[in-house]
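Add chains B, C and D to chain A, keeping to what the hints say.
Protein chains in written order, with my numbering: chain A, 1110 to 1516; chain B, 1110 to 1516; chain C, 1110 to 1516; chain D, 1110 to 1516.
Worth double-checking, as some hints may not be accurate.
One copy or any two copies: either way a pair holds, since identical chains are not told apart in the list.
[To be verified] Within a straight-line C-alpha distance of at most 25 Å, the following computed BS3-like cross-link-like pairs (lysine-lysine) qualify:
#, residue 1, residue 2
1, K1492, K1456
2, K1347, K1456
3, K1514, K1250
4, K1396, K1456
5, K1396, K1280
6, K1492, K1131
7, K1396, K1364
8, K1492, K1265
FYI, nobody ran anything at the bench for these hints, they're computed from the structure. The structure displayed is predicted, hence computed values, not measured ones.
There are 4 protein chains.
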Amino acid sequence: MSDVKKVVLAYSGGLDTSVILKWLQDTYQCEVVTFTADLGQGEELEPAREKAKKFGVKEIYIDDLREEFVRDFVFPMFRANTVYEGEYLLGTSIARPLIAKRLIDIANETGADAISHGATGKGNDQVRFELGAYALKPGVKVIAPWREWDLLSREKLLAYAEQHGIPVEMKHKQGGSPYSMDANLLHISYEGRHLENPAAEAEEDMWRWTVSPEKAPDAAEYLDVEYERGDIVALNGKRLKAHEVLAELNRLGGKHGIGRLDLVENRYVGMKSRGCYETPGGTIMLKAHRAIESITLDREVAHLKDDLMPRYASLIYNGYWWSPERIAVQTLIDHTQLNVNGWVRLKLYKGNVIVVGRDSKTDSLFDSTIATFEDDAGAYDQKDAGGFIKLNALRMRIAANLHNKKK
Amino acid sequence: MSDVKKVVLAYSGGLDTSVILKWLQDTYQCEVVTFTADLGQGEELEPAREKAKKFGVKEIYIDDLREEFVRDFVFPMFRANTVYEGEYLLGTSIARPLIAKRLIDIANETGADAISHGATGKGNDQVRFELGAYALKPGVKVIAPWREWDLLSREKLLAYAEQHGIPVEMKHKQGGSPYSMDANLLHISYEGRHLENPAAEAEEDMWRWTVSPEKAPDAAEYLDVEYERGDIVALNGKRLKAHEVLAELNRLGGKHGIGRLDLVENRYVGMKSRGCYETPGGTIMLKAHRAIESITLDREVAHLKDDLMPRYASLIYNGYWWSPERIAVQTLIDHTQLNVNGWVRLKLYKGNVIVVGRDSKTDSLFDSTIATFEDDAGAYDQKDAGGFIKLNALRMRIAANLHNKKK
Amino acid sequence: MSDVKKVVLAYSGGLDTSVILKWLQDTYQCEVVTFTADLGQGEELEPAREKAKKFGVKEIYIDDLREEFVRDFVFPMFRANTVYEGEYLLGTSIARPLIAKRLIDIANETGADAISHGATGKGNDQVRFELGAYALKPGVKVIAPWREWDLLSREKLLAYAEQHGIPVEMKHKQGGSPYSMDANLLHISYEGRHLENPAAEAEEDMWRWTVSPEKAPDAAEYLDVEYERGDIVALNGKRLKAHEVLAELNRLGGKHGIGRLDLVENRYVGMKSRGCYETPGGTIMLKAHRAIESITLDREVAHLKDDLMPRYASLIYNGYWWSPERIAVQTLIDHTQLNVNGWVRLKLYKGNVIVVGRDSKTDSLFDSTIATFEDDAGAYDQKDAGGFIKLNALRMRIAANLHNKKK
Amino acid sequence: MSDVKKVVLAYSGGLDTSVILKWLQDTYQCEVVTFTADLGQGEELEPAREKAKKFGVKEIYIDDLREEFVRDFVFPMFRANTVYEGEYLLGTSIARPLIAKRLIDIANETGADAISHGATGKGNDQVRFELGAYALKPGVKVIAPWREWDLLSREKLLAYAEQHGIPVEMKHKQGGSPYSMDANLLHISYEGRHLENPAAEAEEDMWRWTVSPEKAPDAAEYLDVEYERGDIVALNGKRLKAHEVLAELNRLGGKHGIGRLDLVENRYVGMKSRGCYETPGGTIMLKAHRAIESITLDREVAHLKDDLMPRYASLIYNGYWWSPERIAVQTLIDHTQLNVNGWVRLKLYKGNVIVVGRDSKTDSLFDSTIATFEDDAGAYDQKDAGGFIKLNALRMRIAANLHNKKK
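Looking at chain A on its own, in the form it has when it is part of the complex:
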């Protein structure tokens, strides 16, 4: 184990990664570089710097990645109307490849030969971190303490912390936060404890970002969303950067009780797990993006995207953001968004995101003179439909004729 010289640790400043920091120093006798990212999780990052210093860490990275996260990861994913298993908006999955990338960038900058993270051996995040790391730096050594050490129970972890002078907050001593959580600008997630029984309803006080629909305002709120090339560029007429868009949508969604989700999903490592998610802004974005595509995208292109979407979602869920196949699919998706320009009007009300209008000055393929019922200027000859149907039916008629003969 002594062949590691320097390791970059994804460090939150919390108990678990502090224990990991110490454990890495002791076990591998190597230098540790800490990396703490602001992905919009809504926590102070400076305490992480102070803690790292106390452990003698010399190279401390604290990066504000919010804009890059939304612009280069969240937005591209939403261009595909991406949903995993019909429900999950991939809030955790989409942050991991960015963290993996920064870990490797920092390893390259600091001359580190290894990276480390605090994800357990039973979850998807270890896969996402490590597939990304290997794809970007194939010779990197990955240290996943949860798969190596013997601190597999919370009791052992706390004992180790106390033994090594790592401060333990009262909540951890009392059994810790009841849930395993992850947060970034796209979502906050909850797993574990009370949720381990999939038959049991989640407790109302678990949710942090959204009010319940019951407690949301009694008055609906309208919202205008403007798109350029498939990305939101303005809300209610105000141009915003990518992460500002998402922050504002989170505020609005949270206020109106939008974006809660309670589901059982299939992990890449093979088991089912129950998770609860709050994705207020993302829930609004999915609905709005489908609406703007509904008038600007060709039918067959839209269907092609729908056919590829579950595969694309699985790629992201499973940690293959940096894979050549994800990039190939992205090339197609991004190509389709060139004409996805226009606006969508939404109504937000007690958990509902309701599309009430959509249009595009430049790219609407909706042509009311063709779709309507009255006779028109001849752009569409109803008699053509007879031939269309006859030829589409031909193979079935031939088969039915044969079938009748056999009887």
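Below, chains B, C and D alone, put in the same frame as chain A:
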């Protein structure tokens, strides 16, 4: 045109199909058989019998198809979590193949050589009726008056009606119902008129089956849904037949403002059209079915279904219910439902269908001892994950190594 | 019919299109522009000019499109390893969109408002011509004489020709060429007559471009094929332009009895038809392209391409080359070819195209040190495979456990 | 390691599995049951019994699985026209699930708690054996000696053999067979040694089952193949059992130099490897099955199968035969074969399998009266094609109109 001897007409008793009835008698000089179906659209059917008699129709069919409709068409479709273009629950599409089948059955029973319907030449329904008819009786003659006659404006139609003594209700004289509507146990749809501008919000008084979320009860209501082989068999512990299930879900959904949808969709005949739909029961069923599958279905089977779903939805939307490819896909889908047994608990509140719990005594693949974070009895060895990741990363590492060499 | 002023006719100079030329002049009383393309079909084109002049045609286009055809249509298609229904290399299908494009270009240049072609109303080619034309010039008028006129039998056609002084070659009088043929640099096809019985073997003297395997040389011939970005750029070390590559491969394939195909295919218009094809160069290209991809393409990218290929093939077969969905898929395919560089060695012998070696100096992902059986420097730890298998098996083990409990 | 009581070993009687047998007895101090299968590999099996006895094995299974192998594994796979990565007919992959099943059956019969096999840690076969075993008996212990022991070089293996009195044939001492081979009724495969350089041509004397095309007879041979429900039931009019069909096709194919393949494939464990295969009978079957489907299968069903085929092939290649998703896809495939009845005539000549005719008395969907060019009895009205094209073009015309306006 004189080669038709007897034609079976899908007859609602309304103005349009009454004009068609008369027009068929005059134009084709043939006998007309009328067929009126109760699909749960919530209209009296006996008036259709009286009207048909007045036109001298001798063979009048009025069938209660509600159970067959839900059991053999709606339920099989929901086994696939079927949604067209990400939003539409196919309420109109799924009724057409049953009507086509009955038209052909009646043609065979009465010795008719033709069928006729009131769908226009610009919509999907003509395709759905006729593909079904041709697939079931390849030599049948199809008469689609809207594609043949010169009554293409409402004015001409009304003039024809008055001229031939067909009673015209006041609403028609005043410009008629503002929307083109279709209803059955699964949904009611609205098209045309005020909706032809996709930028404009639908008017509140258009909606008929649901209250608005704003007017829904302030108290949430819980609902227990029980599944056997992927179909709902009981609500709140009470066993019901298929159509009773849907009727009750419609009642509950309508009461809680659930299932409104406003979208622009791509028609099979090539144009975009804007439609509004109320699908209260269907909206509940989709959510509940995904939930029961989430604990009973294998991951890869679920993903296979998700990959095939858009294609299956297009088959139904485009009118290919009676095609061999739809039947082949159905074979696969039905096979996957054998273990989809258990229950789902839902909370209905002001437009929201919220899954709060799910379980299966006999078929739950959820195993909390494997998914949880604490050390366990060895069913899952966290160290295995390292190898899993390493091998999944191998191809990307080889490629990255090559890439590095090239630099 | 008098609203057409000028029509561009795809004119071969043969009997059928000469009759069409005359018929257009008579029926539509419009000016006709002829367009004759050299796609490598191996016929003299100047006689077409002389014939057109005799009909009084003033604007005569005769274009050598061979390079554009192979470079911009054939090669892009082969990047996807495109095969329709497992067998057909789409030799006819891929030429049609180029002809459609030139018809429209010429219509725009000459101010014509219509185009016309000699494809029948039962085949795929009418669809391919017209979908392309409509996509490129949505207001164009299309005249398809075979769907309009009453010359539907060969006897009537010959009578019309004689009546209008159109020279009829002896072969036509004797019943004409026994087959309906189409040729270009990619292939020659045969349909009709003796082939209408799918049980009957094609006659040896039908084939024109290839010797039979039996008559091919007794000595095999080796061939080195060099790729850049998925396209062949050199044969046996000699750099060639796209169409020169294909011409040379046709020569070699034809000499060695390569590329004959006899099949029943499903036409887009709904019926099955039996066709025979000679595609000597294309048959070699398909085999070689798969071989170069086998060492340069990532596994999952290759599988993604394989999954999309049948759809892409159908798009081309059905005439959707100029559709947005074909272009979207092409964007993905072309992106995947950036690293498809290297060479393939083939052995040609009596109908066989045998890959005997392949390599890439710059882009080979084949790493013999990893794949081999002896212990190596640690790039691959065999123990990792245990974890890989265990986690991939987990969901099936959980299901089997449940199944055992149920028994 | 002492917790294993009895292990069933897939035992060939060769050097490697003999070393494993001894190693298992020594290392695990457990009883070993040997299982040797006749899959048509063409080797004497009784010597394996004698060898096992010498090691003190008490429970020795030697099973003739040829019929089961072809009937329940090979034939179902060929119903899907299954090819991995465009070329490989999965000869090794399809045998593994049967061996896994028998290992588990025997474990259940003999009360064994573990199984073992001789597949290395770098290949696909370990995955196939073990995924099958885990799916069928989730609690089984799997011992994969090549991933555990330190005999990773051939020298160490030979030393172990001599040390423990295991007879080593002369060929092994001299460096052994130059190739790693696997054989069964479907194919024989070669890997390793001279093939590790993908640029180098395989040596002629490597091939064992087929003559080279050059040495095949100068006269072609015709062969009639008869299908029922997608499976071959007779050759040249003689009804045969499944394995007899394949044996006879191997004889014919081998005689005519048919079925050699040299390729680089992507292993599931992540690396590329070069393999050579002889699959004479399978090569004939693939061609013939496509031919019989070409006249009996509906177009869209055939295309659905083509779309699913690469996924189905990967499932088998990767070892998921016993997975629920493979079984679900098989349900669909088998359903499609009900009408695949008829015959195909083939011509075999020097490496070529040429389809020359095909027909079906009961299920041919080929209708020459519709496909032909002359005017006919009205089953197909050419004018219908105009409407068919117009409606299919509509969305592209609307888009082009918009595009023109933007210019």
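Tested hints:
1. K1492 x K1456: Result: close neither inside a copy nor across copies, 40 Å intra and 48 Å inter.
2. K1347 x K1456: within (18 Å within a copy, 37 Å between copies)
3. K1514 x K1250: between (69 Å within a copy, 19 Å between copies)
4. K1396 x K1456: Close inside one copy (11 Å) and across copies (22 Å); limit 25 Å.
5. K1396 x K1280: neither (38 Å within a copy, 36 Å between copies)
6. K1492 x K1131: between (78 Å within a copy, 21 Å between copies)
7. K1396 x K1364: both (17 Å within a copy, 24 Å between copies)
8. K1492 x K1265: So K1492 and K1265 pass the 25 Å test across copies only (18 Å; inside, 78 Å).
Hints 1, 5 from the list above are not met by this structure, while the remaining hints are.
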